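Heads up: the sequence shown begins at -18 in our numbering, then just goes up one per residue.
Hints are computed from structural coordinates only; laboratory data are not their basis.
On a predicted model such as this, the values are computed, not experimentally measured, just so you know.
Any given hint could turn out to be false.
What the hints assert, rightly or not - Calculated pairs, SDA-like style, for lysine to any residue (alpha carbon to alpha carbon, straight line, at most 20 Å):
#, residue 1, residue 2
1, Lys124, Ser75
2, Lys77, Leu4
3, Lys124, Cys82
4, Lys155, Ser128
5, Lys112, Pro89
6, Lys77, Lys112
7, Lys120, Gln156
8, Lys174, Lys155
9, Lys174, Lys124
10, Lys124, Asn170
11, Lys155, Glu107
12, Lys124, Phe158
13, Lys112, Phe62
14, Lys77, Lys124
15, Lys112, Cys82
16, Lys112, Ala64
17, Lys124, Ile154
18, Lys(-2), Phe25
19, Lys77, His110
20, Lys120, Leu143
21, Lys155, Leu143
Claimed, not checked - Each pair of labels, with its calculated beta carbon distance range:
#, residue 1, residue 2, range
22, Lys120, Arg(-9), 41 to 51 Å
23, Gln2, Arg127, 35 to 45 Å
24, Gly144, Gln83, 21 to 31 Å
25, Lys120, Gln2, 36 to 46 Å
26, Pro91, Arg(-9), 44 to 54 Å
From the three backbone atoms N, C-alpha and C, an ideal C-beta is built for every residue, glycine too.
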Amino acid sequence: MKVKHYSVQRLNSLLLKYSGQGLPESVLHCYASLINSGHSPEQFTYAITLSASAKVQNIELGRAVHYCVCVIKRGLQSTSFLALVTVLNTYISSGKLHDACQFFEQMPLPTRNVVAWNVMISGHAERGHYKEALHQMSKHGVKSSRSTLTSVLSAIASLASLGHGLLVHARAIKQGFESSLYVTSSLLNMYGKCETLHAAPQVFDKIFEENNDKKRHPKDAGV
-18 MKVKHYSVQR LNSLLLKYSG QGLPESVLHC YASLINSGHS PEQFTYAITL
32 SASAKVQNIE LGRAVHYCVC VIKRGLQSTS FLALVTVLNT YISSGKLHDA
82 CQFFEQMPLP TRNVVAWNVM ISGHAERGHY KEALHQMSKH GVKSSRSTLT
132 SVLSAIASLA SLGHGLLVHA RAIKQGFESS LYVTSSLLNM YGKCETLHAA
182 PQVFDKIFEE NNDKKRHPKD AGV
C-alpha cells in the first residue's frame, strides 16, 4: 500500500474502514505503512491498531505481537485509558490470557488501577484462573474492591465452583465487604448455583449483625 502522500486523517479513515469490516490484519498492514512513510500517528491511530492487534487469530500471532510492540513503544503512554482497557478486554474475550497479561504489564502505571484489575480478574475468573489474578493484585498492593469480588463471585457462580467461592467469601469477610449489598447478593447467587443455600443464613446473619451494630452505635456507622 502506497501511503506516502496520504494524510494521517485519511489513513485513520482506512484503519476505521478495515476495522469495521473485521479485517484486523489489514489494519496492521496499514499501520505499518503509515509508520514506514514517516507519518506521526495520532491517539486514535494507536487505539484502533492496538485493538486490531488483539483480534488477530493465532495464525498471525507473531505478526500481531511485532506490530503491537511497535505500537506500545511509540504510543502507549499517550493512548487513552478507555482504549487500553478495551484492548485488554479484547485479548481476554478472545481467550488470550497470556497476551492480556503481557499487555497489562506494558500499560503505564496510572492506568493499572482497580478498573483495569477488575477486567483482568473477571476475565481470569471466567476461565477458572481468578486466584492468579487476585494474587498478582495483592502482590502489586492493589486492594480488591466490592466490584472486584462481585465479578469474581459471578464467574465462580457460573462455574458452580464451591471451593473457590468459599475462598472468595473468606476474602470478603477479611476485607469487611461481606455486608455489602452487592457482595451479599453475589454470595447468595454463588451458593444457590452451587446448590449449597444452607450457607445463606450465615450471610444474612452477618447483615443483621452489621445493621444492629449501626443502630446501637450510630456515631460509629459513618456516612
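Consistency of the hints with the structure:
1. Lys124 / Ser75: This hinted pair is violated, its Cα atoms lying about 27 Å apart.
2. Lys77 / Leu4: 18 Å, holds
3. Lys124 / Cys82: 18 Å, holds
4. Lys155 / Ser128: 16 Å, holds
5. Lys112 / Pro89: Roughly 24 Å between the alpha carbons, so the hint for Lys112 and Pro89 is violated.
6. Lys77 / Lys112: Within the cut-off at roughly 17 Å; holds.
7. Lys120 / Gln156: It holds: about 16 Å lies between the C-alpha atoms, which stays within 20 Å.
8. Lys174 / Lys155: It is violated: about 23 Å lies between the C-alpha atoms, which goes past 20 Å.
9. Lys174 / Lys124: 27 Å, violated
10. Lys124 / Asn170: Measuring from Cα to Cα gives roughly 23 Å; hence the hint is violated.
11. Lys155 / Glu107: Measuring from Cα to Cα gives roughly 23 Å; hence the hint is violated.
12. Lys124 / Phe158: Cα-Cα ~12 Å, so holds.
13. Lys112 / Phe62: 25 Å, violated
14. Lys77 / Lys124: Violated, at about 25 Å.
15. Lys112 / Cys82: 14 Å, holds
16. Lys112 / Ala64: Violated: Lys112 and Ala64 sit about 26 Å apart, past 20 Å.
17. Lys124 / Ile154: 14 Å, holds
18. Lys(-2) / Phe25: Distance of about 13 Å is within 20 Å: holds.
19. Lys77 / His110: Given that 20 Å is the threshold and the Cα spacing comes to 13 Å, the pair holds.
20. Lys120 / Leu143: 25 Å, violated
21. Lys155 / Leu143: 18 Å, holds
22. Lys120 / Arg(-9): 41 to 51 Å: Since the Cβ atoms of Lys120 and Arg(-9) sit about 45 Å apart, the hinted range of 41 to 51 Å holds.
23. Gln2 / Arg127: 35 to 45 Å: Between Gln2 and Arg127, where Cβ atoms are some 40 Å apart, the hint holds.
24. Gly144 / Gln83: 21 to 31 Å: The hinted range 21 to 31 Å holds for Gly144 and Gln83, with Cβ atoms some 29 Å apart.
25. Lys120 / Gln2: 36 to 46 Å: With a Cβ separation near 41 Å, Lys120 and Gln2 satisfy 36 to 46 Å, so the hint holds.
26. Pro91 / Arg(-9): 44 to 54 Å: Since the Cβ atoms of Pro91 and Arg(-9) sit about 32 Å apart, the hinted range of 44 to 54 Å is violated.
Of the numbered hints stated above, those contradicted by the structure are hints 1, 5, 8, 9, 10, 11, 13, 14, 16, 20, 26, listed in ascending order.
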